[in-house]
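Participant: In case you want the letters, here they are:
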Amino acid sequence: MKELVYNQLKEKIYTETLDNGLKVFLLSKPDMVKTFGIFATDYGSIDQTFTPIGKSETVTVPEGIAHFLEHKLFEKEDRDVFQDFTRQGASANAFTSFTKTAYLFSATSNIEKNLETLLDFVQDPFFSDQSVEKEKGIIAQEIKMYDDQPDWRAFFGTIQSLFHDHPVRVDIAGTVESIEEITKEDLYTCYETFYHPSNMTLFIAGNFNPEDMMKQIKDNQNSKEFANTPSIQRSYPEEPETVAKSYEKIEMPVTTSKCMIGIKEKVAGLSGKELLKAELLSSMILSHYFSKSGEFYEELYENDLIDDSFHYETDLDRQFGFTILGGDSRKPDELAERVKEMLHQLKEREIAAEDFDRMKKKKIGQFLRAMNSMEFIANQFSHYHLLGIDLFEVLPEIESLTTKDANEFLKDWINEERIAVFQVIPQQAG
Amino acid sequence: MMKINKEKMLEKKGYRLHILPSKKYKTINIVAKFKSDLKKEWMTKRALLPMVLQKATQNHPGPRQLQSALENLYGTILSSDGTKKGENHVISFRMEVANEAYLNDQTPLLEEALRIFHDVLFNPKIENGAFDEKIFNREKQTLEQKITSIKDDKMSYANMRLIDNMCKEEPYSYHVHGYPEDLNKLTAADLYEYYQSFIKNDLLDVYVIGDFDESGTERLMDKYFTRESSNDTTISNSSTVPKVEESQEIIEEDELNQGKLHMGFRTHTTFGDNDYYALQIFNGLFGGFPSSKLFMNVREKHSLAYYAASRFESHKGLLLVFSGIAPTDYDQAKTIILEQVEAMRKGEFSEEEVEQTKELVINQLLETMDSAQGLIEILYHQVLSGHMIEAEELVNNIRYVTKQNVVDMAAKIELDTIYFLTSKGGEQ
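Heads up: the sequence lines are chains A and B, in that order.
Our numbering applies: residue 12 is where the first sequence begins, and numbers increase by one.
Our numbering applies: residue 21 is where the second sequence begins, and numbers increase by one.
Distance condition first, Cα-Cα at most 16 Å in a straight line; then the derived EDC-like pairs of lysine to aspartate or glutamate:
1. A:Lys288 - A:Asp401
2. B:Lys321 - B:Glu359
3. A:Lys34 - A:Asp53
4. B:Lys166 - A:Asp315
5. B:Lys44 - A:Glu22
6. B:Lys171 - A:Asp162
7. A:Lys155 - B:Asp173
8. A:Lys195 - A:Asp140
9. B:Lys43 - A:Glu22
10. A:Lys21 - B:Asp231
11. B:Lys43 - A:Asp42
12. A:Lys155 - B:Asp274
13. B:Lys154 - A:Glu310
14. B:Lys43 - B:Glu27
15. B:Lys378 - B:Glu412
16. A:Lys21 - B:Glu120
17. B:Lys321 - A:Glu88
18. B:Lys444 - B:Asp274
19. B:Lys366 - B:Asp428
20. A:Lys40 - B:Asp231
21. B:Lys160 - A:Glu313
22. B:Lys321 - A:Asp89
Since the hints were made in silico from the structure, they are not lab data.
Make a model of the complete structure from these sequences and hints.
Facilitator: Okay, here's the thing in structure tokens:
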């Protein structure tokens, strides 16, 4: 067991890669009452085409299957795992993202038992034809709930405009039609391929003794057999650098239009520190111009092109990257035009040292605030780990950024061909 | 084993100061809560007021200047909101500032942040006896926009319509964003006039929580935080709860894919009542968790919904059920939900389930107390109800609940209103 000490943050992480390949991270937080654990696999909605374990041909599975599998792991032949956690006073949850499926629990008592339950239920699948059929109705309602949410439609519509073929454009839950095709055999195929311990990480934060907990995890893992597996062969289509559709709108029963401007980010070849640097710089630059202290924000707000719902986010991953900014607007066309002009102007801009310093301070404060949450730490640590980034090294990384880095980034960031506009407008009468 | 933060409560000039030192956080949270009665003619003003106040001060003439000053203090966050808590209206201003201990910087962050916080509340940007015209007009537009957009979020819209119908005769039905007709005629001078009475008459509680030296923080508060008025701490909590004569069923149509089935019950129990803890366990067994009857029956057994849950309002005595279902499944879902209420009344749950639910409720309470904002909300319940209950006592009282207490609670709970927001063309 290795100890990683982070002096400035006053945190210590214990880590070990077990014999079966599982990577374990333990963060001891003795002042907290709660313990939070997350067991995540490097498998998400974009992993649709791959070579199943023991096969030689690639297969393409139905859209939404990673999320479907996440739902079904909670159901066992004789019981529902939620009830096990309930009996042990814990709450459990799970989520599926583009690149990850994660199972979590939080508890203030019975930590050992709950940890055992987490490890065991994820590593012991039970899928039957009957239970697969039953889940289709539930997930269909989940999909319909999202269909009625204009913010979700605007977000996803923008992603679909940005990408031509990459499966990031597929809705994480799939469609009512695609989930209809899912069989228990498909679920086992995906499970056996992607849930091997060597493809997973376990992160636990909270109030416990790290030595005892590591021993418990090892004993648990050593008692189980896992076949030796070759590395996973995943396949993704070639994705052009340009956007699929530079403009698109849909009608929905909304009172106010929504307008999103998407930027398709260049991520090819980026990993680890470079990826982190790009993520930090784009978010700091966006914050400089488009947060409430920014000159662009001020102009847009004063001209009633945006309101409080205006927001921006950057998501950079190994396979894809995007930035989306926008929100409700009474003048969606004017907003789209003006924001595009602003983005194009950035090439000619220089950020002053004093302003960049302020952005750094803001980012540092934001990071410290996020570090109050064990959920954030556990989720983000696991997410960054897959990208080759150490979450606890983010603070020195921010401190090391210079005005020159920001200005160089600005010059090369925006390109007409990588911008897409997506609008949700009120349904026309008739 | 249990590490619950103890608050120190101090009567200061014009407010009550709650100080909570805690090693859990890398930031310091400051929350100011202003409380008044719920009055319809105040709703719009109280919705707009925090929006205007957090945009500028005499020392920070516009939103950009104010935000830049906050950013320079390591991205200090300032936010505000207005909520209904029972028959009270509460405006909260929240500030979160990085703890200096984690920075390679000598700026006295907390002190600078408090100075701005004080400016926002007590030193607004005023011209000729009115708020800044430009800021006022822009915020007015934003609020108008918020009011029209309520319909776009079907879940909150359905919840609002349920309360509109259920609490028709009670102040609790007043809309938290206010009313377009009141907003139209409101001027910057009117709002400033209201501000002057607000800042003088509301009951003010200020919470400071973080890893700091207690007496140093108290000194800083004394230096930057004084209020030129008395804090009247009498509780005027005369919540009138009508006995339900006959339950009503209301169906409305809208453009949507998924129907929203919301039900409102009267619990006749609020925070501070002896059976409040039994209500928590009732809710846990009935609809508060994935192990509850609603989730197990509406979702797991009948696959009718992705979500089916319940929650209760601690100061108004309401229990609300909500579920998203296919429009055609209305009758079936309604029947199943009402059957679960009946099952609760008949005591169709085991002693063991009661014990497990207690652990879940306690776990939830302790987890909430791990978060600074969560802890403040829990402590503020005491101010609202006028019942001072130590956090440990809350936990112990949950442990004392028996199965019979829960059955008694179930008998007390009355169905008031069923509200269904369905697709155009009705149930088909």
